[in-house]
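Asks: Full structure from sequences and hints, please.
Residue numbers (the numbering used here), protein chains in the order written: chain A, 308 to 486; chain B, 50 to 118.
Check before you lean on any hint, since a few could be wrong.
[Stated by the list, open to error] Partial chain A-side listing against chain B, Cβ under 8 Å, derived:
(1) T309
(2) A312
(3) T334
(4) Q458
(5) E463
No lab work stands behind these hints, which were simulated from the structure alone. Don't be surprised by glycine CBs; every beta carbon is placed ideally from N, CA and C.
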Amino acid sequence: MTDFASLIRLLAQHDIEFILVGGAAATAHGSARLTQDLDIVYRRTPENIARLVACLGPHHPYLRDAPPGLPFSFDAGTIQGGLNFTLTTDLGALDLFGAIPGGGGYEDLQQDAIELKLFGITCRCLGLRRLIEVKRAAGRPRDLEAIAELQALLDENEGRAPSPSDPPTRSRTRRNSTS
Amino acid sequence: MSKKDGGSKRGRAAAGLPPDPVIDAYQRDVDRTLLRENLKLTVEERFLKLMELQRFATELRRAGQHAGR
Chain A
308 MTDFASLIRL LAQHDIEFIL VGGAAATAHG SARLTQDLDI VYRRTPENIA RLVACLGPHH
368 PYLRDAPPGL PFSFDAGTIQ GGLNFTLTTD LGALDLFGAI PGGGGYEDLQ QDAIELKLFG
428 ITCRCLGLRR LIEVKRAAGR PRDLEAIAEL QALLDENEGR APSPSDPPTR SRTRRNSTS
Chain B
50 MSKKDGGSKR GRAAAGLPPD PVIDAYQRDV DRTLLRENLK LTVEERFLKL MELQRFATEL
110 RRAGQHAGR
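Replies: Shown next as structure tokens:
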């Protein structure tokens with residue numbers, strides 16, 4: 308299980324420059340889907356990477372699904388030499404992205420991030436419209452349902468939700484389809 | 050996001066989303082009642098709900114594995 312609250316708080320309290328993306332960002336926007344890991348895009352400056360290493364190091368980051376015993380050192384050299392890392396930590400699953408398909412890196416996404424106040428801290432989260440665009444650009448079939456839900460959330464936020472007199476919701480549609 | 054979320058927009062993509070018939074088809078099956086309930090919550094409450102759901106899913110998996118033995 309992932310302790311989203313502790314992970315987000317930890318990152319913010321160590322002044323990590325990051326943007327929430329993926330399922331956690333979708334949750335922030337109101338998604339009802341279950342996500343298992345915290346996805347963040349981190350800024351790839353030497354200073355931020357050093358803070359990231361100092362912040363996560365005590366929580367035993369290790370490559371998720373890596374064979375036990377595989378040598379892995381979570382240090383600045385490793386982060387600089389790589390880009391994206393799917394990690395397990397004492398606080399749960401954490402995915403660190405230097406860049407995401409269709410979205411780019413921290414600097415590319417920064418202007419489309421919003422500020423969230425939660426768990427006593429402030430952090431950045433990718434805005435809903437940009438989150439949809441990024442997921443659409445990634446073109447993964449498994450994202451289709453998630454994108455549809457995010458677009459429905461966008462409709463709700465922008466007042467384009469179906470009114471009660473509009474065509475029925477999912478459950479009623481299914482009942483009608485059998486008649 | 051509403052003011053209740055404690056969120057303020059820093060900027061957004063100007064372009065509208067191009068139509069996609071596949072996503073539109075999926076969108077017809079989205080249960081908006083769940084979304085509307087979530088939108089009544091603060092962002093923090095949404096994460097707390099997610100973690101509660103995770104605990105529930107973990108417990109279900111554990112029970113399922115136990116029952117399968």
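Asks: Each hint: holds or not?
Replies: Against the structure, the hints come out as follows:
no., hint, result
1, T309, "holds (7 Å)"
2, A312, "holds (6 Å)"
3, T334, "holds (5 Å)"
4, Q458, "holds (6 Å)"
5, E463, "holds (6 Å)"
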